[in-house]
Amino acid sequence: MSSVKIELRKDQIEKIHSFCDTFNNAHGELINVLHKTQGEFGYLPAEVQEVIADKIDMPVAKVYGVVTFYSFFTMTPKGQHPISICTGTACYVRGAENVLAEFKKQLDIEVGETSEDGKFSLSCLRCVGACGLAPVVQVGEKTYGRIAPDDVEEILKEYL
Amino acid sequence: MVNKTQIRIALRNCGLINPERIEEYISEKGYMALGKVLTEMSQEEAVNIIIDSGLRGRGGAGFPTGIKWDYARKSVSDQKYVVCNADEGDPGAFMDRSILEGDPHSVLEAMAICGYCIGADKGLVYIRAEYPLAIERLNIAITQAREFGLLGDDIMGSGFSFDIEIRYGAGAFVCGEETALIHSMEGERGEPSLKPPFPAESGYLGKPTNVNNVETLANIPVIYLKGADWFSGIGTEKSKGTKVFALAGKVNNVGLIEVPMGTTLREVIYEIGGGIREGKKFKAVQTGGPSGGCLTEKHLDTPIDYDNLIANGSMMGSGGMIVMDEDNCMVSIAKFYLDFTVEESCGKCAPCRIGNKRLNELLGRICEGKGTEADLDRLRNLGEVIKDTSLCGLGQSSPNPVLSTLDNFYDEYISHVRDKKCPSGVCKDLMEYFIIEENCVGCTACARACPVGAITGERKEPHLINPEICIMCGACMEKCKFDAVILK
Ligand SMILES: Cc1cc2nc3c(=O)[nH]c(=O)nc-3n(C[C@H](O)[C@H](O)[C@H](O)COP(=O)(O)O)c2cc1C
Ligand code: SF4
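Quick mapping for you: the protein sequence lines, in order, are chains A and B. Going from the first sequence to the working numbering is simple: count from 1 and add 79. Going from the second sequence to the working numbering is simple: count from 1 and add 1.
Be careful, since some hints might not be right.
[To be verified] Taking lysine-lysine pairs in the DSS-like style, the calculated list, with each CA pair at most 30 Å apart, reads:
1) 422/B / 184/A
2) 358/B / 141/A
3) 489/B / 184/A
4) 183/A / 482/B
5) 183/A / 75/B
6) 184/A / 358/B
7) 421/B / 184/A
8) 196/B / 141/A
9) 183/A / 123/B
10) 281/B / 239/B
11) 198/A / 89/A
12) 429/B / 184/A
13) 429/B / 236/A
14) 422/B / 134/A
15) 141/A / 349/B
16) 37/B / 75/B
17) 429/B / 183/A
18) 299/B / 349/B
19) 141/A / 422/B
20) 421/B / 183/A
21) 208/B / 141/A
22) 358/B / 183/A
23) 371/B / 183/A
24) 421/B / 134/A
25) 198/A / 183/A
26) 236/A / 349/B
27) 184/A / 123/B
28) 480/B / 236/A
29) 134/A / 349/B
30) 236/A / 184/A
31) 183/A / 134/A
32) 115/A / 421/B
33) 358/B / 157/A
34) 184/A / 134/A
35) 115/A / 388/B
36) 141/A / 183/A
37) 482/B / 184/A
38) 422/B / 183/A
39) 115/A / 208/B
40) 480/B / 184/A
If you are wondering where the hints come from, they were derived from the structure by calculation, not from laboratory data.
Next up, chain A with everything else stripped away, as it sits in the complex (with noise of 0.2 Å):
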């Protein structure tokens, strides 16, 4: 797990408690209480898993092993601009790997990674259902389609 210890702070750990309450500490709810929590924190780091698990009465390395499963639920925290690059079908076939390789050459960072002054983060996703527009890039809420190496400065540019 992370190795920077975070301090939770009281009414944190209370939202995560009255998140376990709201699914009634239900071990099979689970996934919606991670759901809910990642939702307001941004990510799961371990401290908060180690929340989740006392309060449900679950052992921690269950729910690590749940969070690490799925890779909606992640342990780092997000980019100020999380930047997600499609790698669907479509957008491969269209060349999304090269709109890639562009993002990581200018950001100098790896997928899963963020930049470090915290503005940028870069993730792959498995198909937004634009197929229409591939390649496609989403910055935060924005959807970028028909993207080409060429166009990412640019695109980078509007977040400076």
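Please build the complex by placing chain B with the ligands on the supplied structure of chain A, with the hints as guidance.
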């Protein structure tokens, strides 16, 4: 896309009604099928209509829906469940999302009918969290159906009660597999388990559970309204009705299409899809997503149905259809799918967890020009073993993209391993910088830019790159003002 070769059954209301208003669904005969089933039919009669219609599951395997319902109906239990599989994990397919966004009530109505048929009072929709709009529309639809007394206790005064809840996926492709999906709904890691027992015997919380795909369900209400004969009159002998495909890739018109089973690939690609973009040459069409295979020119006139696709080494899958042209390298495409499978394998069984990784490494070597002809045999053998020995459908179908490209594009593999060339110019490691003699004016700009002195030639004479020395930095190409340097 409107075309005479298309028939809309599953998509009948999409884009035509406001999905957030139940009244509009009702005015299109919505919930009439449910009323008919509840008031006029016994469970057995209602199931028999679906059996007679010949409807087969649209989620991948194509299992006859009526027969599945009949198993669940015959299972004895105090509690049963109806599950709608809206996980739609095939990257490049979005028909289920479109149905849920455009016509959520058709799915809810079908779930209630299924509930009546098998004796379940509870339904669950398992939907990927990546589909926020579909989730919102579903929530609205469920609330409205409850307000109208079409979900909840004693529906239409029939004594039958049924309600529906939503469960969220969290981005794991394998959770589309029904046993994995059930484990995920129970809050566990979504790992598949061995069948039997089938969900119809022991599913969610150990109770009999009927799992159906979104598109399968969307077909149900119309079958009751128009009759089993009407439905089975459309399609081929063993595949009835229509199929929705997400047409994408290198065709002019991309998007969702719904065609009768038995339509040919040629009709889909050239008539509906409007042919290949930029006048390029058609090379392959991939159906069935990561579980499917690549079909080629010689399959263009094969009628599309479950059995024909399987006979040709692909499968229907959920309906992704990706068209590729001469610029796509089939070895890289196979590798693309394998990358996906390796990432999505749940790791429970060794053939899939380890075998696919090795398969992927072999492909990687071939793309880098380090493959041998013996590697091609290894690919095939290993692929067959993974298919035969994996626990769930993911592993059992993961080698399909490799095996089908080996079958249909063996020449391309041979070019990669024997000549160390990528005919489509995709595999970077197999390309060389090359100077076109006619374009070169002998300005020497490239020779001066080359950091390793790989370029020779007299002033005002065409230059030459020595591939033995070239380190593939691309400096020459950048410097050349006459487009004389190319990669090939
Ligand atoms: C790896 C894997 C992924 C699957 N993904 C999906 C999916 O995303 N959606 C779906 O409806 N069925 C999916 N299936 C098929 C389901 O296991 C199941 O057969 C289907 O939901 C049954 O519904 P149907 O009979 O209506 O097709 C998948 C199967 C496997 C092996
Ligand atoms: S075949 Fe793959 S996905 Fe299926 S159980 Fe085995 S490891 Fe998991």
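Results of checking the hints against the structure:
| no. | hint | verdict |
| --- | --- | --- |
| 1 | 422/B / 184/A | 27 Å, holds |
| 2 | 358/B / 141/A | 26 Å, holds |
| 3 | 489/B / 184/A | 24 Å, holds |
| 4 | 183/A / 482/B | 28 Å, holds |
| 5 | 183/A / 75/B | 56 Å, violated |
| 6 | 184/A / 358/B | 27 Å, holds |
| 7 | 421/B / 184/A | 28 Å, holds |
| 8 | 196/B / 141/A | 24 Å, holds |
| 9 | 183/A / 123/B | 47 Å, violated |
| 10 | 281/B / 239/B | 35 Å, violated |
| 11 | 198/A / 89/A | 28 Å, holds |
| 12 | 429/B / 184/A | 17 Å, holds |
| 13 | 429/B / 236/A | 29 Å, holds |
| 14 | 422/B / 134/A | 59 Å, violated |
| 15 | 141/A / 349/B | 16 Å, holds |
| 16 | 37/B / 75/B | 22 Å, holds |
| 17 | 429/B / 183/A | 18 Å, holds |
| 18 | 299/B / 349/B | 38 Å, violated |
| 19 | 141/A / 422/B | 48 Å, violated |
| 20 | 421/B / 183/A | 28 Å, holds |
| 21 | 208/B / 141/A | 24 Å, holds |
| 22 | 358/B / 183/A | 24 Å, holds |
| 23 | 371/B / 183/A | 26 Å, holds |
| 24 | 421/B / 134/A | 59 Å, violated |
| 25 | 198/A / 183/A | 14 Å, holds |
| 26 | 236/A / 349/B | 44 Å, violated |
| 27 | 184/A / 123/B | 51 Å, violated |
| 28 | 480/B / 236/A | 26 Å, holds |
| 29 | 134/A / 349/B | 29 Å, holds |
| 30 | 236/A / 184/A | 15 Å, holds |
| 31 | 183/A / 134/A | 40 Å, violated |
| 32 | 115/A / 421/B | 51 Å, violated |
| 33 | 358/B / 157/A | 29 Å, holds |
| 34 | 184/A / 134/A | 43 Å, violated |
| 35 | 115/A / 388/B | 38 Å, violated |
| 36 | 141/A / 183/A | 34 Å, violated |
| 37 | 482/B / 184/A | 25 Å, holds |
| 38 | 422/B / 183/A | 27 Å, holds |
| 39 | 115/A / 208/B | 28 Å, holds |
| 40 | 480/B / 184/A | 21 Å, holds |
Comparing the model with each earlier hint shows violations of hints 5, 9, 10, 14, 18, 19, 24, 26, 27, 31, 32, 34, 35, 36; every other hint is respected.
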